[in-house]
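Colleague: Could you put together the complete structure from these sequences and hints?
Residue numbers (the numbering used here), protein chains in the order written: chain A, 1 to 218; chain B, 1001 to 1075.
You may find that some hints are simply not true.
No farther apart than 30 Å at their CA atoms in a straight line, the calculated lysine-lysine pairs in the DSS-like style are these [as the list claims (entries may be wrong)]:
{"id": "1", "chain 1": "B", "residue 1": "Lys1036", "chain 2": "B", "residue 2": "Lys1015"}
{"id": "2", "chain 1": "A", "residue 1": "Lys205", "chain 2": "B", "residue 2": "Lys1036"}
{"id": "3", "chain 1": "A", "residue 1": "Lys205", "chain 2": "B", "residue 2": "Lys1039"}
{"id": "4", "chain 1": "B", "residue 1": "Lys1036", "chain 2": "B", "residue 2": "Lys1017"}
{"id": "5", "chain 1": "B", "residue 1": "Lys1013", "chain 2": "B", "residue 2": "Lys1039"}
{"id": "6", "chain 1": "B", "residue 1": "Lys1017", "chain 2": "B", "residue 2": "Lys1039"}
Going by beta-carbon spacing under 7 Å, a handful of chain A positions derived as facing chain B [said to hold, decoys possible]:
{"id": "7", "residue": "Asp213"}
{"id": "8", "residue": "Leu216"}
{"id": "9", "residue": "Thr217"}
{"id": "10", "residue": "Val218"}
Simulated from the structure, these hints should not be mistaken for lab results. Even for Gly, the Cβ is constructed at its ideal location relative to N, Cα and C.
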Amino acid sequence: MRLFGPGSISTPARVILEVLLVLICLYLVLEGVLFATLLVDPLHPMRKYFQVTAFAAVPPGVWQPDNLVRVDPRSATVQVDPWVYLTYRPVSRLFVLVPAIANLSGWACVLLVIANLRRAFVNISAGTPFPRANIRCIRIAGWAILGFSAVELLISAGMFAYMRATTTIAGQPAGFPLGLWLAIDFPLGTIASGLAVVVLAEILKAGADLQDDQALTV
Amino acid sequence: MAIVVNLDLLLVKRKMKLTELAGRVDITLANMSVLKQNKARAIRFSTLDALCRELGCQPGDLLEYQPGPPPADGV
Chain A
1 MRLFGPGSIS TPARVILEVL LVLICLYLVL EGVLFATLLV DPLHPMRKYF QVTAFAAVPP
61 GVWQPDNLVR VDPRSATVQV DPWVYLTYRP VSRLFVLVPA IANLSGWACV LLVIANLRRA
121 FVNISAGTPF PRANIRCIRI AGWAILGFSA VELLISAGMF AYMRATTTIA GQPAGFPLGL
181 WLAIDFPLGT IASGLAVVVL AEILKAGADL QDDQALTV
Chain B
1001 MAIVVNLDLL LVKRKMKLTE LAGRVDITLA NMSVLKQNKA RAIRFSTLDA LCRELGCQPG
1061 DLLEYQPGPP PADGV
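Modeller: Shown next as structure tokens:
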């Protein structure tokens, strides 16, 4: 199992996971500072680091939408590129709060996944191929990935609804095509990964059961 | 477990130590201990064969069924 002596396979992966863990923690602290600052003052210069992006469908007959996009001035400002990709920056606290919750909960899920994978590597380094503790770690990681997709999906849908309600293009309510949103934003890959990890945990559980049976067979 | 291994009883009858039996049937003392303490989940036919040969008994003398509540893990 270990090609170059004890820990030769698990150690580099563990180091990568530990570095990732530290980097994510630092990133979360920076994000926390950004969100806290903008919640106190949504017009703080730090708002240039905060953006919510979306795409919109242009109403028929509109060829240059960049000067025709209007957003409720109490919620956010908006920039438009030629492909009608909208970049919002906050004016209201609500516009900061919802994406902040989305972003922080998403990263918290990622943190949970990385922390559990790291713990699983530590357990594998201890020697047994199917330690029971790992099954729990991997199962938690799988459900965290699925939770992350659910949060991502819910908040994304919520933000779309909010932007639909506050944005107009050439005087008409902005169209955010659902089909296109699902095609681009639907976290199919994340959901599939989460399910794969949950199934992997069940396979490991079967392995651990077999290992127990084998150990107690005389 | 409803199956009980009467190894200790047979050892007393044969005036044999567990270590001696382990050496004769070529099974580790740890595994013999698992068997004696009724912690084993399964027993190989080869092990049963060796035990019966060395103890001069039948499998039925070694194993006994005692009805009881089913084990928690459903095994």
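Colleague: Does each hint fit the structure? Answer for all of them.
Modeller: Hint by hint, here is what the structure shows:
no.: 1; hint: Lys1036(B) <-> Lys1015(B); in the structure: 15 Å, holds
no.: 2; hint: Lys205(A) <-> Lys1036(B); in the structure: 28 Å, holds
no.: 3; hint: Lys205(A) <-> Lys1039(B); in the structure: 21 Å, holds
no.: 4; hint: Lys1036(B) <-> Lys1017(B); in the structure: 12 Å, holds
no.: 5; hint: Lys1013(B) <-> Lys1039(B); in the structure: 22 Å, holds
no.: 6; hint: Lys1017(B) <-> Lys1039(B); in the structure: 19 Å, holds
no.: 7; hint: Asp213; in the structure: 5 Å, holds
no.: 8; hint: Leu216; in the structure: 4 Å, holds
no.: 9; hint: Thr217; in the structure: 4 Å, holds
no.: 10; hint: Val218; in the structure: 5 Å, holds
Violated hints are absent here; each numbered hint is respected by the structure.
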